[in-house]
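Asks: Chain residues, written in single-letter form:
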Amino acid sequence: MKNIFPLIFTVVNLLIIPLLLTGVIRKVKALMQNRIGAPVLQPFYDVAKFLSKSETISKNTSWVFTAAPIIGLSVAFLAGALFPWSGSFLPGKFAAASNIFLLIYLLALGKFFSMLAAMDTGSAFGGLGASREATISMMVEPIVITGLGALCLNAGTPNLQSAFAGNINPIIAGLTGTALIIASLAELSRIPVDDPTTHLELTMVHEAMILENSGRNLALIEYTTAIRSCIFYGLTTQVFFHMLPFTHSMNPILQYAAGIAGVLLFGCAVAFAEGILVKLKWRNVPNFLTFGTVLSLLAALIAVTQR
Amino acid sequence: MNLSQIDFLAAAAAATAVMMCGITGIQTQFRFLALQTALFSGICLLEGFSSHGQHMAQFIILAAVVLIVKAAGIPLFLMWAANKMSIIRDKGNTASPPVTLIMAFGAIAAGYFLIPQFAVYSAGNPVSAGMAVALLFIGMIFMVTRRLAISQVTGFLIIENGIFLYGLTQAKGMPHLVEMAVVFEALIAVLIAGLVILRINRNFEHIDVTQMRGLRH
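Chains as they are written, first to last, in my numbering: chain A, 6 to 312; chain B, 112 to 328.
Next comes chain A alone, as it looks inside the complex:
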């Protein structure tokens, strides 16, 4: 009976929460702009609609273009199932699978294939978007690796699951959490770095890459993006929870509920920020991301000196 909960939580995490998060973000964003907005469940209908539509594929593409969304989604599923982003923990024998380097490489693998697919179409915008996405992820990865590495060094284990189950220095948690907010805004193409709803191809980053996708492909890509958002927001929320002393001694169900509430609230905060902030100039993005790098480095410095 005790082992059934993590299973149920994982299924809910992968099937319901990601698209719900997308819906909540869009709803809050609409409310910020004085619109009523689409219903919260609209992303589910969208994915269902895209899945039933036929797709248009350019004659110039190779197998990479059709395979990339499938690879991306399977990798995202794997990462979403293995990593404790929702506050629910898998049984102990899976703990070793939540290694931080596995997380980094899984996310990078999915991203690599989406960039390949963008370049495979041979369209100018695809190449432009892929090049920008590669530049951003080059600057985001040090933030994530250093920040989560500092966390794991402090907890004395490379597994996120064991690290989150134990005690973490609140200062390190605060610094890493703030760095992860900056990293997630850039990695998930949210507003200070990229505008996810823009219609101008020249300013797009992520949207330019998926311009050529339609039908089933597009549905898979939307779903992948939703799961990736959940992983990033969830990990950030869990890191911030370690600043509060009482949260990791709670009942597992309560802990899971708190984790999911945290993810959804994080989404609301992101949507709120999108309502009041403007997009950075492309040249200023490295400047913004360096703050994240330095916060991670400070966390790492504290982690190294406290050993």
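Some hints could be false.
[To be verified] Example chain A residues on the side facing chain B (calculated, C-beta under 10 Å, incomplete): (1) N289; (2) V299; (3) I307; (4) T310.
No wet-lab data here; the hints were simulated from the structure. Ideal placement from N, C-alpha and C gives every residue a C-beta, glycine not left out.
Go by the hints and put chain B onto chain A.
Replies: Frame of chain A, contents of chain B only:
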């Protein structure tokens, strides 16, 4: 190693100095400067508590003076001056803000690892000594890499904060009258520098230090 509360506040102040190196908005820089200095008045109070009430009144007066003069007065004056000259951003001169950020982080790491080697151990708080020296380095980096003359004043104030921190945490038994005099000295220095920069701005219509070399001719 366990950080005492004083060390923690000193490290937080050094971290605000690092963040200042990456910020280009002049007004935001002054807000961070105010925050950094307010942390020092917190350190004053903690020092007072750790002296077991011996000189509590002196420490409270020093903390109040630091809070009013250095954390509120000086940043407000600089904000007024920046407004009057209608300058908004300082994008850096020799090194761009991201590079400066990384350099400032290097200064903190150097301060942390090197300074306890030759700090006065008997005084305690070796981390604070390291952070004080890191603040000196960061202030110098800030002065060298910024373009506007008003940023030189900000850099000077960071250096001043470092010296103040060292005096406060390492030199036990130093008369607080001296510390207080230093605070007012900094106020006068900033007032004079600010007014001179205002005059320069009025006469030459810019305060760009890279072009000031040409002013001799």
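Asks: All the hints need checking, so say for each whether the structure fits it.
Replies: Outcome of the hint check:
1. N289: This hint holds: N289 of chain A lies near chain B, its Cβ roughly 9 Å from the closest one there, short of 10 Å.
2. V299: holds (5 Å)
3. I307: holds (8 Å)
4. T310: This interface hint holds because 6 Å falls under the 10 Å limit.
No hint from the list above goes unmet by this structure.
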